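Novice: Residue numbers (this note's numbering), protein chains in the order written: chain W, 66 to 178; chain S, 2 to 115.
Treat the hints with care, as some may be off.
[Stated by the list, open to error] Example chain S residues on the side facing chain W (calculated, C-beta under 7 Å, incomplete):
id: 1; residue: 44
id: 2; residue: 51
id: 3; residue: 102
id: 4; residue: 107
[Claimed, not checked] EDC-like mimics (lysine to aspartate or glutamate), calculated; alpha carbons at most 20 Å apart, straight line:
id: 5; chain 1: W; residue 1: 84; chain 2: W; residue 2: 132
id: 6; chain 1: W; residue 1: 101; chain 2: W; residue 2: 132
id: 7; chain 1: S; residue 1: 56; chain 2: W; residue 2: 165
id: 8; chain 1: W; residue 1: 103; chain 2: S; residue 2: 11
id: 9; chain 1: W; residue 1: 118; chain 2: W; residue 2: 132
id: 10; chain 1: W; residue 1: 106; chain 2: S; residue 2: 87
id: 11; chain 1: S; residue 1: 107; chain 2: W; residue 2: 109
id: 12; chain 1: W; residue 1: 105; chain 2: S; residue 2: 11
Keep in mind the hints are simulated off the structure, nothing from the lab. Please read these numbers as outputs of a predicted model, since none were measured by experiment. A virtual CB, placed ideally from N, CA and C, is assigned to each residue, including glycine.
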Amino acid sequence: DTEVTQTPKHLVMGMTNKKSLKCEQHMGHRAMYWYKQKAKKPPELMFVYSYEKLSINESVPSRFSPECPNSSLLNLHLHALQPEDSALYLCASSLYAVQETQYFGPGTRLLVL
Amino acid sequence: AQTVTQSQPEMSVQEAETVTLSCTYDTSESNYYLFWYKQPPSRQMILVIRQEAYKQQNATENRFSVNFQKAAKSFSLKISDSQLGDTAMYFCAFMKQGNTPLVFGKGTRLSVIA
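Please model the complete structure; the sequences and the hints are all you need to start from.
Specialist: Right, dumping it as structure tokens:
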């Protein structure tokens, strides 16, 4: 089973809203990732968690706040977003953060009005 | 910094034919990993194939195979007997050893025509 699930599938929010994206995997993977993907572009890495600790933060604005409550779950808390933050947000996981294949979820399509 | 170049933004192929997608990369590392990912219009990114740089044998997964030329820093993907379901964006990606991010190419949009 190489399944990574993400909820919600779609999200529309205003610039003053607070919302959260959720990602879950039950493959025993110890590394989880958030990516942002604009249309017709490759994914851009935002955050990496390894053993539930933030190991890479690619200079992401503080309006994006990741959280890893346990080894199976990864959240992305959103607050005061801008319209240019509208994108597909992909979660991925891998067995470890080193030299391992990443498996992607279906993504959450976010629209900020 | 590592870079990955996919020089074909769009390609098309007739159903049942063979197509090759090109990918080149730039690195000074000797040990690294290369991937091809497929992203169909449904948008879920799926791993197609993975190659370890220390392995001389080209990776194969059913109708998908790679031509890995380490000296030339080339990693092309061959799709045999193309099917309509192969229509997707294909991303080539590079990862060096250690806790380092995946580096993606810009992608090649492949259309399989009936």
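Novice: None of the hints should be skipped; say for each whether it holds.
Specialist: Here is how each hint holds up against the structure:
Interface hint status for residue 44 of chain S: upheld, as the beta-carbon distance to the closest one in chain W is roughly 6 Å, under 7 Å. A hinted interface residue such as residue 51 of chain S counts as satisfied when its beta carbon comes closer than 7 Å to some beta carbon of chain W; here the least separation is about 6 Å, so the hint holds. With a cut of 7 Å, the hint placing residue 102 of chain S at the interface with chain W holds, because the nearest CB-to-CB distance is about 5 Å. Nearest Cβ of chain W to the Cβ of residue 107 of chain S: about 6 Å, under the 7 Å cut. The hint holds.
At most 20 Å may separate the alpha-carbon atoms for a hinted pair to count; residue 84 of chain W and residue 132 of chain W meet this at roughly 13 Å. Using a Cα cut-off of 20 Å, the hinted pair residue 101 of chain W and residue 132 of chain W holds, with the two alpha carbons roughly 16 Å apart. Straight-line distance between C-alpha atoms of residue 56 of chain S and residue 165 of chain W comes to about 16 Å, which keeps the hinted pair within the 20 Å bound. Between the alpha carbons of residue 103 of chain W and residue 11 of chain S the distance comes to roughly 17 Å, so the proposed pair stays at or under 20 Å and holds.
Restraint check for residue 118 of chain W and residue 132 of chain W: satisfied, since their Cα atoms lie roughly 9 Å apart, inside the 20 Å limit. A threshold of 20 Å between alpha carbons decides the hint, and for residue 106 of chain W with residue 87 of chain S the separation of about 19 Å falls inside it, so the pair holds. Taking the CA atoms of residue 107 of chain S and residue 109 of chain W, the gap is near 11 Å; set against the 20 Å cutoff, the hint holds. For the suggested pair residue 105 of chain W and residue 11 of chain S, the alpha carbons sit about 11 Å apart, so the restraint of at most 20 Å is met.
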